[in-house]
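Student: Top line first, the protein sequences correspond to chains A and B. For the first sequence, this note's numbering puts the final residue at 328, and the numbers step up evenly by one. For the second sequence, this note's numbering puts the final residue at 797, and the numbers step up evenly by one.
Simulated from the structure, these hints should not be mistaken for laboratory data. Any given hint could be a false lead.
Residues of chain B clear of chain A, computed beta-carbon distances all greater than 10 Å [claimed, not checked]: (1) Q331; (2) V334; (3) K342; (4) S382; (5) N471; (6) P613; (7) R742.
Facing chain B, from chain A, some residues (calculated, C-beta under 8 Å) [stated by the list, open to error]: (8) K32; (9) K75; (10) E79; (11) S83; (12) K84; (13) L86; (14) D196; (15) L205.
Virtual Cβ for every residue (Gly too), placed ideally from N, Cα, C.
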Amino acid sequence: MFDTVDEVQKRLLDQSYICNKNIATVVFLASKLHKPVLVEGPAGVGKTELGRVVARALGLSMIRLQCYEGLDESKALYEWEYSKQLLYTQMLRDKIGEVIEGTTSLKEAAERIASQDDVFFSERFIVPRPLLKAITSDSPVLLLIDEVDKSDPEFEAFLLEVLSDYTVSIPEIGTIHAKHLPLVFLTSNDAREMTDALKRRCLHLYIDFPTEEEELSILNLKVPGMDERLAREVVSLIQNVRKLDLKKTPSISETLDWARALIALNADRLEPELVEATMSVILKHQGDIRKAQAELNQLLMQKTAEARAQAPQAVDPSPGGAKKSVLH
Amino acid sequence: MQQKIVEFTNLLRKAGVRVSVAEALDAFMALDELSLDDRELFKDAMRTTMVKRSDDIPTYDRLFDVFWSGFHDLLRAQLAQAVSGLGGDFDLDELLERLREVLENMDVDLSDLAQSLLGMDANRIEQLIRQAGEAAGVEGIQNMLQIGFFSRRMLEQMNFEGAAGELRELLEQLREEGFPEERLQQLAQLLRAMQDALRRAVRGFTELELDQQNHDYLERFRRESLAEKSFYNLTEEDIRKMREVVERLAQKLKAVVSMRRRRQRKGKFDLKQTMRRNLGHGGLPFELVFRQRKREKPKLMILCDISSSVSNVCRFMLQFTYSLQTAFTKIRSFVFVAELGEVTSLFRDNDVYNAIDQAMDGGDVINPYTRSNFGMAFFTFWRDYLAAVDHRTTVVVIGDARNNYNDPRAWCLREVQKKARNVIWINPESPGAWGFGDSVMDKYLPYCDLAEECRNLKQLSRMVDRIVL
Ligand SMILES: Nc1ncnc2c1ncn2[C@@H]1O[C@H](COP(=O)(O)OP(=O)(O)OP(=O)(O)O)[C@@H](O)[C@H]1O
Ligand SMILES: [Mg+2]
């Protein structure tokens, strides 16, 4: 476990995750108080990644439950392996014959079989799903319940029961208690508001888009070797794009993808044509691209003008001059 | 400290943030794990344990600053100012050192307040001021005019005059003890500055308290009344804020709808299909088949009167509808004043808010600067779009039915109702006004399956609930 908040920050950094003090505090408290964390925030700000890196930093294995509409207990907790049961009854047909030997009525035969049915409803025929796996695991685990907002409200109610006492009861087998309390992270994209009951049980963490500084650190960490000035330009441009009212605001993944694309293109400055050509890496909707285009051109022009004003000799005034420098 | 956290929790509750007792206890446990000197940690720890809705975070941040940092910082700023005002040749440490030496051999009995002023003990002074605030009932402050009154009352509660007297006496005693005159003057100057700082801090405390009270009030107002505020008197600011409220209501509805659907979705066991599917296994039912019940989502056609008197209702209704898109198989939207035109494509090409803004301007398909004529609008709908109405279509009309004495042509609506699953009318006027003056609501009423008054968001969201049912 972690001893201080600073240690959280440091150890997550070792796992290539930049986390601010707020995130670190919540992670620290979750590990100290054994409380689940509900992580909310826009798409692509590193919610899922946070669960992953905390697991790695603490040396826990991670069990992930991906939620979706229609997810139910049989997919999340356990399921009887119906066809295996059936197969066994077929193969044990003769044995079953012996069991019911001598019975005279159907009812009597059924009762004989019923007295033996724990054979067919034992752990042998259970398919464990993520929640059961997390509870029965021999070593402590981190349970990541991803995109919990996509699940249905009934599932949430069920989840609540599991998270309140970490026991599962299977009628045919009995109650199973967790050997170790798992560290639980739930992520949500705010597709729907989670109930107050669930929120009361959890610590709450809201991760917003990173600040310019943070994003630059992430970029340096994840795309090493990128020219410092180009990295700065990329981040500042992305930060400006986020201020626009878009259908899909670019996330950190888009920043990283874009940076990699620019490197592949051997770029060392953001030129308007280059931005235009690669815009589809950061924006996915035609409408968004149109909207951003106007804004960006203006921004880039302004930047270029500033650069010229600052270092008039350094910039080749002839058209396409800056482009030539790529070739040098 | 515990007491203060409880107070703060109450303040959060008053501002509309739901904090349960269990969560407040979590906050205490969290604070046990951390060093309280780090204000940022302190703030984050309390937030993560007590504030669970991202919407509430801005409220929390503001209240935190007002409650915790506000006075804490203010007091220290005042004290620092008092010291820095003493002038350059003033050796404070030296003075205090001398003073301590002398006091050790004297028999003086000072009150808490006098002591803490003399020792410039910010933490103790803060405590005393907060206690006095409580004793004086400052939390009852309601307006600016009471600031002076409550400040005086606080000074009385902490017996400020008494402490000032004690300090004057102390100076006399010191003089008798032979404390150098120059230092005595300096000390007197310091004590005067400290007393002034205290007075200003008390006043600041009262002002902050007033801020908090106003803040409570504003927040409550925003949350509670926006949903019930009449559509007729919304400011631009209200409209902007209401977007969020609509969004929240829509999300809630969405959850309810999905739950209803799920309940219907579980199909029945299908014996025939099971047998057929398992023929390959010699008839052994390895794979079970359930009959999926087909769910019918309604198609929606929504007709919005965009003349200014009802445009707010249309605005929010459209936002509702498009937030709930998944609850319908298809949504087509129309705007009208006298002419009627379709604006469905606006919602395909723009984000909802932009689309709504454009639609409210007529969306380039109709002239919005005419006088309302429901008869003509319905006639156009009947003529051009009746073919698209079928038994799964819900037609929603939003308007006040004030027809400027034109021909209502109610028969058009009758024909629409015959083909549609149902016709629903949302009217911002109360039923008492229907059919009076130039309202022809009474003429249309026979052809509506449901017609209701919607004057605020609460009523509107109830109506939407019935439409998606
Ligand atoms: N603070 C960070 N430090 C390093 N990398 C980060 C950070 N935040 C995000 N990333 C990177 O950004 C990408 C997106 O993160 P992730 O998939 O965790 O986002 P998410 O919030 O779970 O998104 P979604 O809501 O779409 O599931 C990942 O590749 C991750 O490595
Ligand atoms: Mg994710």
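Student: Run every hint past the structure and note whether it holds.
Tutor: To see whether the hints hold, each was checked on the structure:
1. Q331: 23 Å, holds
2. V334: 18 Å, holds
3. K342: 18 Å, holds
4. S382: 5 Å, violated
5. N471: 35 Å, holds
6. P613: Answer for B/P613: violated, closest chain A Cβ roughly 8 Å.
7. R742: Holds: least Cβ distance 40 Å, greater than 10 Å.
8. K32: 5 Å, holds
9. K75: At about 14 Å, which exceeds the 8 Å cut-off, the nearest Cβ of chain B leaves the hint on A/K75 violated.
10. E79: 13 Å, violated
11. S83: With a closest approach of 5 Å, the A/S83 hint holds.
12. K84: 10 Å, violated
13. L86: 6 Å, holds
14. D196: Holds. Min distance 7 Å.
15. L205: Result: holds, 6 Å to nearest chain B Cβ.
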